Amino acid sequence: MELTSQQILLRDLPFDKKIFVRGEAGTGKSTAAIAHLEQMISKGIPSESILVLVPQRPLARPYMQALSNPNLPAGTRPSILTIGGLARRMDELFWPLLRETAGFRNPEMEPQFLTVESTQYFLSLIVDPLREKGYFDGISIEPLRLYSQILDNLNKTAVVGFPINEIAPRLRSAWIGSQADTRYFDQAQECAYLFRDYCLEHSLLDFSLQLDVFYHHLWQNDIFQKYLKENYQYLIYDNVEEDYPIAHTIVREWIPRLRGTLLILDENGGYRSFLGADPLSAATLADMTEKTIRLTEPINVPPSLVDFRHQLAVHIRMEPVPPSAKPLRVENVNLHYCRFFPQMLDSVVNCIENLTRAGTNPGDIAVLSPFVSDSLRFSLQTRLEEKNIKLTTHRPGRELRNEPAVRCLFAMAKLAHPQWKLKIKSLEWRNALMTAIEGLDLIRADFLANTLLSHKTEGDVLNPFSQLKPEMAERITYQVGEKYEIIRAWLAASHDNTMQDLPAFFTRCFGELLSQKGFGFHQSYDMADATERLIQSAREFDSVIRPVLPQENSGAEFLQLLENGITGAQFLPSWLDERKDAVLLSPAFTFLMRNQPCPYQIWLDPGNTGWWERLNQPLTHPVVLSLNWPPDARWTDAEELNHNQNSLVSHTGGLLNRCTDSLHIFLIQVDEQGNEPRGPLLQAINRFLRYNPGGLTLYDA
Amino acid sequence: MMPKLRRAQEEVLTYSGGKMGVSAVPGSGKTFTLSYLAANLIQKNVLQDNQEILIVTLVNSAVGNFSKEISKYTQALGLPRNFGYRVRTLHGLSNDIVRERPELAGLPADFRILDETEANHILLDKIEAWRRGHSDFEQQWIIEGVDPYRVSKDLPYLLVSIAGNFISQAKDLGLTPQTINDQMERSDSLLLKMAASIYSDYQLALHMRGAVDFDDLIRLSLRCLETDPEYLARLQYRWPYILEDEAQDSSRLQEMILRRLSSKSGNWVRVGDPNQAIYETFTTADPKFLINFLNEPDVISKELPNSGRSARRIIALANHLIEWVQKDHPAEELRNALVRPLIQPTDPNDPKPNPADSPNNVVIDTRKADSEEEINRVCNNVKNWLADHKDETAAILVTSNERGGTVADKLRTMGIQPVELLRVSRSTRKTADFLSKCLKFFYRPTNRFLADVFNLYYRFQIKEEELDEARMAMLSQLILRLDPLEMYLSPTPVQDWRSHIQKTASSDEILVILAQFQTRMERWMQATLLPIDQLILTISQDVFTEPADLALAQKVAAVLERASKNNPNWGLSEFSVELDSIAKNQSKISGFSDEDLGFDPEKYKGRVLVTTIHKAKGLEWDRVYLLSANNYDFPSLQSNDRYTSEKWYIRDQINLPAEAVAFLQRFADGDPLAFFSPPGSATLEARRKYCAERLRLLFVGITRAKKELAITWNNGRQGDQIIALPVAELANFVNRGFK
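Listed in order, the protein sequences are those of chains A and B.
Quick note on numbering: the working numbering labels position 341 of the first sequence as 341, and the sequence is numbered without any gaps.
Quick note on numbering: the working numbering labels position 335 of the second sequence as 335, and the sequence is numbered without any gaps.
Quick caveat, the hints were computed from the structure, so don't treat them as lab data.
Small disclaimer: the values here were computed from a predicted structure and weren't measured.
Take the hints with a grain of salt, since some may be wrong.
Under the rule of at most 20 angstroms between Cα atoms (straight-line distance), these lysine to aspartate or glutamate pairs were calculated in the DMTMM-like manner [said to hold, decoys possible]:
#1 603(B) <-> 402(B)
#2 133(A) <-> 388(B)
#3 565(B) <-> 201(A)
Pulled a few chain B residues facing chain A out of the computed Cβ check, cut under 10 angstroms [claimed, not checked]:
#4 95
#5 211
#6 232
#7 445
#8 469
DEER-style ranges, computed between Cβ atoms [as the list claims (entries may be wrong)]:
#9 670(B) <-> 176(A): 26 to 32 angstroms
#10 417(B) <-> 176(A): 31 to 37 angstroms
#11 226(B) <-> 280(A): 30 to 36 angstroms
#12 180(A) <-> 147(B): 49 to 55 angstroms
Built from N, CA and C at the ideal position, the CB exists for glycine as well.
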């Protein structure tokens, strides 16, 4: 892609300067920064001395792609990290320094770095007994949500930089509701305390503690600073507006010690502020640099979409419209009216089919919705498959327990470990057989499961195929019988080996048995992907959770936790399945964080209130627990409205900034509850239409 | 386009602000007037462009009707669709209020609302657990020597009814489980202990699911408005006018919510008919709220007394019922069950003049009949009538969904395809039944279950009127004889089901049908490995073509997916049971059939509709049959009357749900001995309320008829019931020549 004159200027900046770049979304800042990075490497700056810092991993993708370019000189590559990743890496490396000074009560214990799921697991050990005692009794909330809100609070203390004991007072002083309800804030704080205490006792480092320890105990350490100076001399820090205040503090202190820096800020960004990102503190980093450059040359957003963006912002904020304003006609925004949700999906698929028939590459189409449920993905995917159009999704990974491959491996594990006394239902075994044996149908699998699985007190047992009467064996077929016998023999052998190590069991079961020719996982990318995720989850459980909770049946415990949805690598985003030949289905927010333009956007159900980002939660509050919230101020309805309006303006503006051809909006008239949706985005669109009659092209499904 | 209005309607439409109460008789054009009033206000530019007129109504079907009417007017004004108004049921409104600020209600942003099926499941689970440790409850209440098998079949549902009503009432009164438990510690009432214990467990189960039920939703929306005055002010600004339909069925909380929302603007119009209050028993609705409102000093009171719906004799019959109840009902405590105004016919030049009377257009059949005979008589009569009235509408109105199902079945055996509008609509039941049958087959793949699946699958493939039952039966027989089954569904390369079938001489057409079905089944069987919601969606997308069926399937998928999340051990058989309860009319799922979203009888000319009187509210037909007018379905506080809520196996004819609820009411009223009163008085009070409500139900039933009305009765299961007292009086009135 050809660079604009401003991008060329940026690319060719001297490497030993400290530069701050800002500009609106879509002005090509990241592209220019990547060109600058390539220039640095080409001109001989040692790659290992360059650190690329991004607020979250998806934003690293363009850098990773650029660095995989074979035209770059061979050798090591710059590190690309988030602030959390950097903290974790350094905490691990400098653990001998930290173990004594950072408050860990058993310094001899090796540190365990927790993921989101293992953090939730340990937190559940603390919260569940308290909930049974009546904590949070007036709050209607699922356990996983409860844990995540307590962790949100804890993470805010680390990313914003305030002590744990300020959680409850901050939330309490902003609360306008009944005073009796403020006891829940105290309870949430108590849980955070107890959890921190537990972590220090067992040398467990969750995200908040990783950052806390890094900044408060490592960052000021001379040995560490020496190491840092020797290793990193150049910093490229992109999307600073999406990062936490603590990251800004660290970078602010770091800049004077670096040879060159390039910091990039998107003026329309700040989408992650609900997670603690702080665009205001990001902007102050400019003070630490020698020069600020503002990129103004826009990329290819059609002028009418720019007009629509401005108008939509006015109507979302309910601002007055000057009587003299000339009605607008936006050619490339289309509004499709549908009655029910499935009807809307049919219309969406027709629209996509029309676009692709007219020569649009499916990869240039993004379907965006506030949420992407499994059933939405599935419904759209099956409809598109009928038209031979591929779909790729951007959404958090599915729950592992729902994957047929995982269920099959569970069943295998139960049969291979009769000592766990985990019963297997014949239906469960039937499904496992259908998954495990290529081409096995439901009826024959049903015969096998009902005739050859015996439930015994010492555990469930598989009987040999030869035990069947010949007529039944013939109905099932001897080919299937042969495969069944291979499975039975493999399980018996693994039982004899008593493989206690569950990750190893899954690995071998996949490698030696299920991925072999004639079995269900053979050459199946999906099955391999699910197995990989399961092994990763089991490994995490094995290395982090099992040592802390010495139990004989830890494998069984893992299976039960996973079956109950407590754990299961739910948080691994499946970024890798992105394909250029497929239509993208993504939550709108995730799409924004991907930071890539897309010519054709399809917005689903603007009447859904999910488009209207909801900030407040019963036990946490992203703004009240942020850097800029004045102590003792109350979070009023006006604040709420203002914040939500700004957020919707920012999100829709961000989407429209990334739309380079046209937008299709699909409305439903009756939602799941039988109501007519009336969300704020729809209201804003209607208000736009009122002031601009005929301003959009309307279609009826 | 100005529609022609009656004077009373014009008066209502002069409204420009303040509080107004409108008493509207049946057929006086309430929906039309309110819709037109909303459109009128929008046209007068009384709204800022970020304001809406809020219309609150009772049921989803009315939402659809209002929306259709208002959008007709607003679109004619050149406004965007759905602009300037919002129609909501109380639940829908509460959902909007809570969803915008859930933290004020102690809810996470993504809180969910339990469907009735799921709520009942939780209740049943908790009740079973409670019963295991409390056999003393049954010892205390169940009459010794009654058939334990029959009792065991009914008792769980009675307990669900007790607990469900208790919980509903407690929430309406703002009583938490903790408040009740603190106060009743010293009480020795097992009934109360049971209800309070289930309430605690149920609420905890909801909390752990991050969910609320419909009663919570209403309670919590009020809490949001009370907690944050700024939020309230914002909503007051958003909805400067509130128009409330069916206000006679308003509840205490509904009134409190709407009173708050309208308190700043003072613009609140309530329209209703106290004579049509038919949701009082075991809900928190009460017509007294409307009656009291009408008497408030700052309320402009109007009437819509004219009705062009019914022929004059039918109006005379309805009016006579009001007058007789008020003056001559033998139970004095029921004399205020129906109130004036009487229905007035329209002027002759009215755009909707009353239909002319025809000879014998009002018939009250006083002949004794048993239940079956009554249905036979009505069905035969309707069959004859339909033959000559292709352009007219007819309805059979019953008192229960179960009886409605029996009537519909009978009609089908006579070759008449009725339109059903029962608790769960027929299309919803048909959809649920098909999906349930599929799951049953996947759970236990046998020929019998496959034939069941095919039977329903085939019915979805062709139009109802083109269905050839004989061919259907033949195809089912073929499927039953497919042996081995896998030869058909998953043949090996050497197996050929076609040659097997051809031995029994089948046509090519039959083979095509079976081949299509086989392809579908193969795909669905493979899909059994998917999560339950995806399995349902896979099947649905292959079978259903109607948008409403697809929408319902999407909803069913979501319900089952949630059930699976809450019950990780559930498999195909449990999901199938869940669907069965919907298919059998036992559980309601907020459905999407056209019936649920706004039913138009005029679309079904020349056919007969079967529905309950409750569901018939707001609708009208040329010819109406009103069944079961006996002293069980319409009791009158007479010594020989029996009451449905007083179970035959419970001691002293005590109405346990009513007694449990009465405890709470007394407690909320500040009675220090609320939890220590002996049972009995609440049972008697419940009888009075029930009888009054049934008089109003009779009134509603009568006023559904436009041209012709027939009322019949039966002598009940035990053969000892008699014609209902008010119906006997109406029969005399007819015999006296409507004098």
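Hint check, failures only: 1, 2, 3, 8 and 10
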